[in-house]
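The lines below spell out each chain.
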Amino acid sequence: MSILVYIRNVGGQLKKQSLELSAYAKAMADALNLDVTGLVIGTMADGELKKLGNYGMSRVLKVDDEQYNQRVNRVYTRIVEQAVNKTDAKYILFPDNAQGKAIAPRLSVRLRAGFIPQVLDLPSSFEPFTVKKRAFTGKAIATVTAHTERVILTPMLNSFGLPENAQDLEIQSFEPHIEEPDSRLELVGKQLSEEGVQLADADIVVSGGRGMRSSENFAMLEELAATLGAATACSRPVADDGWRPADEHVGQTGKIIAPNIYFAIGISGAIQHVAGVSGAKCIVGINSDPEAPIFEVADYGLVGDAFQIVPELNEVFRKHMHEKK
Amino acid sequence: MRVFVCMSYVPDTTTKIRFKEANTQLDDASIQWVINPWDELALTRAVELKYDAASPVDEVEIVMVGGVRCEPILRKGLAIGADKATRIDVEPLDAFQTATQLATYLQGKDCGFIVCGIESGDYNEAAVGGMLAELLDYASVSSVSSVQFDGDAPVYQRDVANGKEQVKVDGPAVLIVQKGFARVPKIPNMRGIMTARSKPLDVIPAIEVEPLVEFVEYAAPPAKGRVKMLNTPEELVRSLSDEAKLL
Ligand SMILES: Cc1cc2nc3c(=O)[nH]c(=O)nc-3n(C[C@H](O)[C@H](O)[C@H](O)COP(=O)(O)OP(=O)(O)OC[C@H]3O[C@@H](n4cnc5c(N)ncnc54)[C@H](O)[C@@H]3O)c2cc1C
Ligand SMILES: Nc1ncnc2c1ncn2[C@@H]1O[C@H](COP(=O)(O)O)[C@@H](O)[C@H]1O
Numbered sequence: 001m002s003i004l005v006y007i008r009n010v011g012g013q014l015k016k017q018s019l020e021l022s023a024y025a026k027a028m029a030d031a032l033n034l035d036v037t038g039l040v041i042g043t044m045a046d047g048e049l050k051k052l053g054n055y056g057m058s059r060v061l062k063v064d065d066e067q068y069n070q071r072v073n074r075v076y077t078r079i080v081e082q083a084v085n086k087t088d089a090k091y092i093l094f095p096d097n098a099q100g101k102a103i104a105p106r107l108s109v110r111l112r113a114g115f116i117p118q119v120l121d122l123p124s125s126f127e128p129f130t131v132k133k134r135a136f137t138g139k140a141i142a143t144v145t146a147h148t149e150r151v152i153l154t155p156m157l158n159s160f161g162l163p164e165n166a167q168d169l170e171i172q173s174f175e176p177h178i179e180e181p182d183s184r185l186e187l188v189g190k191q192l193s194e195e196g197v198q199l200a201d202a203d204i205v206v207s208g209g210r211g212m213r214s215s216e217n218f219a220m221l222e223e224l225a226a227t228l229g230a231a232t233a234c235s236r237p238v239a240d241d242g243w244r245p246a247d248e249h250v251g252q253t254g255k256i257i258a259p260n261i262y263f264a265i266g267i268s269g270a271i272q273h274v275a276g277v278s279g280a281k282c283i284v285g286i287n288s289d290p291e292a293p294i295f296e297v298a299d300y301g302l303v304g305d306a307f308q309i310v311p312e313l314n315e316v317f318r319k320h321m322h323e324k325k
Numbered sequence: 001m002r003v004f005v006c007m008s009y010v011p012d013t014t015t016k017i018r019f020k021e022a023n024t025q026l027d028d029a030s031i032q033w034v035i036n037p038w039d040e041l042a043l044t045r046a047v048e049l050k051y052d053a054a055s056p057v058d059e060v061e062i063v064m065v066g067g068v069r070c071e072p073i074l075r076k077g078l079a080i081g082a083d084k085a086t087r088i089d090v091e092p093l094d095a096f097q098t099a100t101q102l103a104t105y106l107q108g109k110d111c112g113f114i115v116c117g118i119e120s121g122d123y124n125e126a127a128v129g130g131m132l133a134e135l136l137d138y139a140s141v142s143s144v145s146s147v148q149f150d151g152d153a154p155v156y157q158r159d160v161a162n163g164k165e166q167v168k169v170d171g172p173a174v175l176i177v178q179k180g181f182a183r184v185p186k187i188p189n190m191r192g193i194m195t196a197r198s199k200p201l202d203v204i205p206a207i208e209v210e211p212l213v214e215f216v217e218y219a220a221p222p223a224k225g226r227v228k229m230l231n232t233p234e235e236l237v238r239s240l241s242d243e244a245k246l247l
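Note that the protein sequences, when read in sequence, are chains A and B.
Counting from 1, one number per residue, gives the positions in the first sequence under the numbering used here.
Counting from 1, one number per residue, gives the positions in the second sequence under the numbering used here.
Quick caveat, the hints were computed from the structure, so don't treat them as lab data.
Any given hint might turn out to be false.
Here are the computed lysine to aspartate or glutamate pairs in the EDC-like style, where the Cα-Cα straight-line distance is at most 16 Å [unchecked claim]: (1) A:LYS281 to A:ASP201; (2) B:LYS245 to A:ASP203; (3) A:LYS319 to B:GLU234; (4) B:LYS84 to B:ASP202; (5) B:LYS186 to A:ASP240; (6) A:LYS132 to B:GLU217.
The model shown is predicted, which means the values in this text are computed figures rather than measured ones.
Extracted from the complex, chain A is given alone in its bound form:
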């Protein structure tokens, strides 16, 4: 028996998330005396996969076949199902993001396995399986049980940490039997996004709201982000008004992110905005209004004019980063 971890493959690269999932799985595995097996679909070099061995994974099944580089949810679901059968997995872990959640619910139906997304912590019991998850857009925490033979989880980013635990990682090829590689889905076009730090995976996020007043003024936030190696984000009205791209919008109806540091600059901190960042380790509010609701959820606050503070902050950070090196 094992715990199976679905490893997200982004153009042959691992994401930090997969290391976290591996560590999370290892903590469960130690309690249950199981081992942790990963599954990666599409091409990924062994050198890259080896990193998983530092975080408790002892085996990786790789479906190294170019025909699967293109994700087809229906086919991927069947591949994972076959890996579940091969490893006799009782628990199957996916990343809590769009890709994980494109496949995990489908697998839940095929296996009739309880599906518990947005998991916040390690299970508090295995009999019955019990775990805490986010509910009501972060306004509550629910305790959920599953009585099914198998359980599928998506632990949230940053919900557990990244304890190292070196294992000898064995990499095995795995050949799934897919009868008709799905001809129902046809790729007709693709545009690669610009290089840069992806919002969903960023450790630090610099985000601006309507207080930035115009699209041009976001240049100073981009500079700050470049200094910090951060991604940029924004509030909903900023995206709606076209000051920033729609996919940067954070919140209840935008992206849900959990970076280490979230800078909310000229953002009032409306409840729908905060719903998207409540998983952040540290929120920094920068706002000219000392009464702004962002200060009710922030860890650190600076009151003042962003147009003055941001360039100063950029300088101080630049010095700090320089000294650290």
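We have chain A already, so just place chain B with the ligands on it with the hints.
Showing chain B with the ligands alone in chain A's frame:
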């Protein structure tokens, strides 16, 4: 081409969430229910497509699993411009039970595509769309940010980790849509509200389904420590680095 929009109802985002019965149940006494914001955007776009002469979409039907208290929300959906609403008469218990009800109704119904939101702002599952697709054995396309047409064939744009892709599906698909599918929800106008009253709102019985998971208890999220107000950028950088140890 007929399009289905699966719509859930959630507490209005500004509502305070409280629990009762020793924190085992949502206290719904003072809750104002609204259309799940994602589904409102999905419906907005579906209705736009219906009025767009260049698109083959000519009929939009809402499907909802829920009790009688959802009816005002379904009327609002009709006022936004759907042609018909169907309510499957049972309280949702978990994503699997909900998806099975939807699949039982939608099985074999002729349609171009079925739209689901990415998640509902209640139990936050992001599960019903994917489960529905598997139950129907349809393709699912997730992170969909737009639908265009190549003749009568829909072309779906989805966001993937390193960019955007356009895909076509042979046969009906379940779309899981995100922000960008529509920008702002359509607000019903007077005429919409008047005509909604005479549009069909069917209620059909549910089937027996065992849920796979059970919500046993709720708690408030841990209270945040009070914010530490700082005076200068230097202080902030020092705090982030020496105190929070995040730099
Ligand atoms: C169903 C629903 C869903 C929603 N979903 C989202 C969502 O996903 N994400 C989201 O962001 N919003 C969402 N909203 C909107 C949300 O309610 C707020 O309206 C929005 O977040 C406000 O954006 P803002 O903070 O940028 O702007 P504002 O509320 O206008 O705040 C601007 C802030 O900037 C400050 N400011 C002004 N000038 C300066 C200056 N020179 N220096 C520093 N600070 C300054 C002001 O004091 C103010 O606090 C949703 C709303 C609804 C009803
Ligand atoms: N009770 C319901 N009735 C109809 N559709 C639903 C219901 N619950 C969820 N959905 C659909 O599934 C999507 C995802 O919801 P969920 O999986 O509950 O987070 C929603 O945006 C709806 O499109």
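Verification of the supplied hints:
Restraint check: the Cα-Cα separation between LYS281 (chain A) and ASP201 (chain A) comes to about 14 Å, which is no more than 16 Å; the hinted pair holds. A threshold of 16 Å between alpha carbons decides the hint, and for LYS245 (chain B) with ASP203 (chain A) the separation of about 13 Å falls inside it, so the pair holds. With a CA separation close to 10 Å, the supplied pair LYS319 (chain A) and GLU234 (chain B) stays within the 16 Å bound. Taking the CA atoms of LYS84 (chain B) and ASP202 (chain B), the gap is near 8 Å; set against the 16 Å cutoff, the hint holds.
Our distance criterion of 16 Å between C-alpha atoms is met by LYS186 (chain B) and ASP240 (chain A), whose separation comes to about 14 Å. Taking the CA atoms of LYS132 (chain A) and GLU217 (chain B), the gap is about 9 Å. The hint holds against a cut of 16 Å.
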